[in-house]
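Quick note, the sequences are listed as chains X, A and P, same order. Residue numbering for the first sequence follows our numbering, starting at 4 and increasing by one per position. Residue numbering for the second sequence follows our numbering, starting at 39 and increasing by one per position. Residue numbering for the third sequence follows our numbering, starting at 4 and increasing by one per position.
Hints were generated in silico from the structure; no laboratory data involved. Treat the numbers as computed from the prediction; the structure is a model and nothing was measured. Fair warning: there could be bad hints in the mix.
Unchecked claim - 25 Å max Cα-Cα, derived DSS-like pairs, lysine-lysine:
| id | chain 1 | residue 1 | chain 2 | residue 2 |
| --- | --- | --- | --- | --- |
| 1 | X | K362 | A | K438 |
| 2 | P | K72 | A | K45 |
| 3 | X | K371 | P | K42 |
| 4 | A | K438 | A | K405 |
| 5 | A | K117 | X | K379 |
Below, each chain spelled out in residue letters.
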Amino acid sequence: MNDHDAPIHEKNSHEFPIHETLGDSLAQQGISRRAFLKFCTAMASLMALPPGTATAIAEALVKAKRPSVIWLSFQECTGCTESLTRSYSPTLENMIFNMISLDYHHTLQAASGYGAEKSREDAMKNFFGKYLLVVDGSIPMNNGGVYSTIAGRTNLDLLHEVAKGAAAIIAVGTCASFGGIPNAKPNPTGAVAVSDIIKDKPIINISGCPPIPAVITGVLAHYLTFGGLPELDDLGRPKSFYGETIHDRCYRRPFYDQGKFAKTFDDEGARNGWCLFELGCKGPVTHNACATTKWNGGTSFPIESGHGCLGCSEPHFWDAGSFYSALSMPASPLKYVAGAAVAGAAAGVAVSIGNRIKKGTAKSAHQKATIEDLEK
Amino acid sequence: MTASLDKGISVLKEMIDAPIASYFSSCVHCGLCAEACLFYTETGDPKYTPIHKLEPLRRVYKQEYTLLGRIGKMLGLSKPVSDAELEEWKPLVYDSCTMCGRCSLVCPVGNDIVYMVRKLREGMAISGHAPEGLIGASTRAVEIGSPMGVKLPAVQAQMRHVKADTGIDIPLDAVGAEYMVLMSSMEIINFPEYLGAIAKIMKQAGKSWTLCSEAFEATNSGIQIGVSDIAKVLVQRIVDGAERLKVKTVISPECGHAYTALRWEGPNLVGQPYPFEVLHILEVLDGFRTQGLLKTQGFEEARLTFHDPCQLVRRGGVFDQPRNLLKMVAKDFVEMDDTGKMNWCCGGGGGVSAIEEAVPLRLEAFKVKKTQLEKTGAKTLVTACANCRIVIEEGMEHYKMSIPVVGVTETLAKHLVEGE
Amino acid sequence: MDADLFLTWVRSTGLNIAIGIFVLGTLWRLVEIYSLGRKRDLAVPRHRSGASGLHTMFRRSVPPPGMFKRSATSYVAGYVFHIGLFIIVFLFAQHIKLLQELTGLSWPGLPTQFIDATAVVTLATMLLVLAERINKPVKRFLSTFGDYAGWALTFLPVLTGYLASRHLLLPYTAMLALHILSVELLLAFLPFTKLIHVFTLWGSRWYNGNANGHKGVPV
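With the rest of the complex left out, here is chain X:
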């Protein structure tokens, strides 16, 4: 994270659209400084920043101007928004709405019809080059993108238009990040990720189906505090959350190392909480923070509740074979075996017929050798 050294205040003060400061907004809602500091500490630890940073974050955030955010929902299920808004503890994740000025969001905005579109257009005009674009859902490309339209315009068209003036794009959820379920085979709509279309803007992928709410909050906090994107992995995901696999941090890992595996969901091993690898857990190939931040206010995560990881934060997780066959398990390895066996036997028989003819010819060509035949 190179942004550490940069002077926080300077960077922040003019880089974001001015509504009001975050401090004002917090005060209006009666959120105490103590609660806010707690939030900042949590954010700092989530993002793996040094402990002292929390105060710096708090200072930076309080003075930060709330940026304008335009949230576009394309081919999606609203699960990402649900994840964010229905989180068990409102104090942490809801902070996001205090940090930003959400100027356009289908599900959450009061306005509708032309009024709704107008607020988007206003935000784009007033904060051109400064607003943040959040996208959830994938973009259909087949047949001119007719499979998903908003106000009569295709998602593709809208994305191009709104992306033009965005300071950065945050792709929330696996659909926006990698194409997600709409992109699963046979992908009838030709769904693609934001990064497949927009090449000239910084894009941060917060994958997951849905993504962990605290991750969205954390990325926003980082953006507000440091004024830039956090360090990303090769798939454009923030390393602080996606740097390790579920398996790396899984509390059931010791059982894996001991070779103790649950074989069915109701056997002795399952009751003893053994590793779910053989039941199809994709933890070893899935990069996400579920095993550490957990869900529902830190209550649990899928593996803790007895089900293997589906690998939802990885590209093409839907196409990677059954959720219930172990990672070492190929999808249908014996697909060509019957054909190959027939072809192999046929090849062998063909060669052997040729060989027999050749050997027979050599035998019938045999002239009885005598001692005269030994000298050249």
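The hints should help you fit chains A and P onto chain X, whose structure is shown.
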């Protein structure tokens, strides 16, 4: 003057079978066969690695009988086996292989390497790449009746000597005798004591036996040079002789490869099982022993050891018989290291002793036998193969050792209880 | 192509192709080899050769008298890496799971730590075997490109498998994909290299044992 590469390759194509295909496919180039071959262990030269000696055969197999090899040959990726290559391999296939079969016993994937050497020699000989010494021996065997040019009168002279020494008449062409005795030319010329010993033992055992005027020679240059058609001619003489004399059993003499030729290859050469039984003289004598027909007195005082002829033991399955017999007359019998089926060859088997140009290498390879012998501290070496005997004598002479080498049969005959 | 897509490919299409080639190639080669036939031995056997072919199939796994001393490294290293490969392939829980999926048969595996240790020993031994091949005159003399390729085809699956299970060098996903890919290469090339000896050595030993058993020689 008709040997040609085409005929040689064609013969190899006839010879290649499933075992050979399996062997070449299995080889992992581990080199353990080298450790079993006296030509490698005594020279340290990797070219004497047994499996390497088969390279021309492997290439013919691959190019002719595998799809990938055929494609490779068609595309010009692999060159066909040439006369020059076969000539280069001549010293490997003949001079430095006694067909002792030790490599076949150690190969971890189970390759019967000597089986393949035997087959490769067929192609080598017919394409004109056999050593002069073996061509000469084969010529004499076919034309004169014996590889050393021995004729019937020489045998008859031996018969007269035996009569003079022992007073026993040697039966010749006795129809209906139980046993027909064969000899190797080496025994006729160099070791006349064999015939006398047989006469005494047969007399004591009370068995009827005979020599055959048309088939007294047991050796078979055909299987050494690797020409089955010639080997068949030589075996057929014995078969015809035995059938004419209506004998029950044909006795292969104290000679290794004669036993292989007659006992194991013969029926396959003539194309059908024999109407008589073939036994090695040691098997016959051991049979007499168990029937109580062999009575001896006195013991050899000197320490004795036994050299297992490869074709008799490792390639023939005669292991216990010489030991049973020697223990009747030996007070101090010791085994060499690597005895029985693991015994080291004398260095002159498989026709090597007939190859002039192979003499220096053969004497080099003899070091292994020398070491084995010296370790036993034996004062007399007993064996059961006239060829081993002469090769060992030559080797010992070269290394200035003086241990007498004798045959099992004559050693026994020396101790027969007289006058019974 | 990202690691997950790569993994998905090697686990589905790649594996299908590799197993296909393996089955096709192996059957073709075995039919090609054993259909050449052999002549019946007309010589009267010393005793019926009976099970001597079978005996040799097992007996030949033990060094013949005197041979161990002459080439101890070859034997020890040979044993260690073959047994090591057997343990890793057939007694590692994840592999058993795979084989169970394919064959329906299952058996208990060994603890991961034991498999890890076996992998390390196997890798070290295979390096030793390679060093021997390069340094010993006979082995070097006999060696062809196929010998080194066969070594690499065997070594890589063990190496990548170890790195993947220990999460070393590359992210697990990528390493697992490489591991499976290396196994696929091994499967696809096995029938056409000296590695076919896993099948043919049994035939070779049987022929040798049977032919010599005919003469009464236990080889």
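Tested hints:
1. Distance check on the hinted pair: X:K362 and A:K438 sit about 52 Å apart at the alpha-carbon level, beyond 25 Å; violated.
2. Under the criterion of a C-alpha separation no larger than 25 Å, the hint pairing P:K72 with A:K45 is inconsistent with the structure, at around 44 Å.
3. Restraint check for X:K371 and P:K42: the C-alpha separation of about 19 Å stays at or below 25 Å, so the hint holds.
4. At most 25 Å may separate the alpha-carbon atoms for a hinted pair to count; A:K438 and A:K405 meet this at roughly 12 Å.
5. Restraint check for A:K117 and X:K379: satisfied, since their Cα atoms lie roughly 22 Å apart, inside the 25 Å limit.
Hint violations for this structure: numbers 1 and 2, all remaining hints satisfied.
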